[in-house]
Amino acid sequence: MSKVTEKFVDINSMNLKKGELVKEVEELCGENLFGCYQCGTCSAGCPFVDDMDLSPDEVIRYVILDRKEVLNSKTIWLCAACYTCAERCPRNINITKIMEALRQIILRKNIDRTLLTKIAKEEKETIPQLAFVCLFRKNVG
Amino acid sequence: MKLLYYPGCTLKTSAKNLEKSAFAIIEKLGHEVEEMEDWNCCGVASSLTDDDLMHHLAPLRNLIHVQDQGEEKIVTLCDMCYNTLKQTNLRMKEKPDDLETLNLFMDRENDYKGTVKVLHFLEFLRDEIGFNALKKMVKNPLKGMKIMPYYGCMLLRPREVAIDDAEEPTILKDVLKTLGAEVIDNPFKIECCGSYHTIEEKKLVSDRAHRISKFAVERGSDAIVLSCPLCRFNLDVRGKEAEKLYNNYKQVPVYYYTQLIAVALGLDPKNCGFDNHAVDPILLLKKKGVFEKKED
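Protein chains in written order, with the working numbering: chain A, 52 to 192; chain B, 0 to 295.
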């Protein structure tokens with residue numbers, strides 16, 4: 052049973068690069084995922100782990116096992132790039148960059164996570180500007 | 000000394016009070032501040048994929064303009080801007096090939112030589128003014144105020160651009176001690192406030208704000224001090240909204256460190272922009288008698 056239940060993207064029709072997911076991820080982020088020994092330090096310190104379907108260490112495992120449903124995981128969008136996991140990883144793996152690589156695989160197919168038209172006018176006027184720039188940088192390709 | 004300053008989008012819009020209070024402090028310290036010419040958005044989130052050089056362009060263009068103005072240092076107030084500018088600056092120094100690619104791409108700008116140093120205003124206060132010198136200027140000590148320093152992410156991580164220790168930072172604690180306040184420690188001081196999720200995941204951010212503040216309050220804290228405009232919004236506004244989600248929860252006021260320094264130095268409270276807060280920041284200052292002592 053997969054822990055990923057969301058269906059944000061259709062993995063079969065999104066024309067993923069041929070070959071293993073881990074190769075593409077490693078190319079994008081420059082990190083060695085096989086260095087991970089699944090200690091779970093990243094997940095223990097992650098401020099968003101309670102709301103995630105896959106914990107960050109599970110994401111790494113899913114990628115290594117070529118379970119492409121990891122691209123439908125809520126986790127990759129919940130990661131706000133706070134760099135806590137990257138700072139604490141005893142294997143010096145930048146998990147923050149792995150999350151971004153997975154987001155980029157989707158965003159570079161012209162699939163946006165955030166629909167700009169859905170943001171209410173009132174919110175545009177009250178929320179600090181940098182939050183919007185940050186959201187668009189993370190969720191819009 | 001003249002400081003060249005990079006504002007960024009939020010300092011000119013929803014965090015004017017951070018800028019105004021910082022300017023008042025700089026003036027009081029006997030320095031000048033000048034806004035850099037022709038600045039643009041920093042991009043907020045630094046590029047995280049190796050092949051993505053495009054998103055280094057915006058911060059790099061700012062660094063080039065600092066260089067063109069004949070300055071070696073640029074001071075920022077926003078944590079996000081600080082982090083983005085500094086990460087790009089670092090990459091340009093470490094990867095000359097990337098710098099060459101971007102220099103060739105930007106045909107209307109001069110080449111970047113890698114000489115600019117990016118400073119956060121907190122670093123300027125610590126390293127160039129010194130907290131001891133600041134302490135001598137305090138007129139209204141924040142006596143009796145119990146405050147929790149909150150650092151968030153962008154001042155501390157990644158390690159290469161941090162202004163302090165990533166796990167046990169002390170810079171805001173030192174500011175508070177300088178001003179005469181009592182410091183309340185909190186392990187959540189370095190945890191993310193929820194950042195941009197404040198737009199699409201309000202409840203998630205309210206939960207974060209509640210978790211961070213509640214612990215501080217349980218330890219006896221009256222207030223929170225921080226430096227980032229987005230953290231301020233999330234802890235203050237989303238924290239206030241958390242009052243509806245959690246019984247008996249009351250959000251404490253959230254201050255920028257610049258506001259508290261301005262108050263402690265006896266500067267006109269008009270410089271602090273206290274009206275732009277969800278939880279009244281003045282009430283506590285009055286209650287603790289900080290405002291009563293007027294400047295001679």
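Derived from the structure by calculation, the hints contain no laboratory data.
Every value quoted in this text rests on a predicted model; they were computed, and no experiment measured them.
Please note that a few of the clues may not be correct.
The calculated lysine-lysine pairs, modelled on PhoX-like cross-linking and capped at a C-alpha distance of 25 Å, are [unchecked claim]:
no., chain 1, residue 1, chain 2, residue 2
1, B, Lys1, A, Lys175
2, A, Lys175, B, Lys239
3, B, Lys15, A, Lys175
Partial chain A-side listing against chain B, Cβ under 10 Å, derived [stated by the list, open to error]:
no., residue
4, Met52
5, Asn83
6, Leu84
7, Gly91
8, Ala95
9, Gly96
10, Asp101
11, Asp104
12, Lys169
Over 10 Å on every C-beta distance to chain A, these chain B residues come out as not near it, computed from the model [what the hints assert, rightly or not]:
no., residue
13, Met35
14, Asp50
15, Asp51
16, Gly113
17, Phe123
Heads up, the beta-carbon is just placed ideally off N, CA and C, and yes, glycines get one too.
Does the structure break any of the earlier hints, and which numbers would those be?
1, 4, 5, 6, 7, 8, 11, 14 and 15
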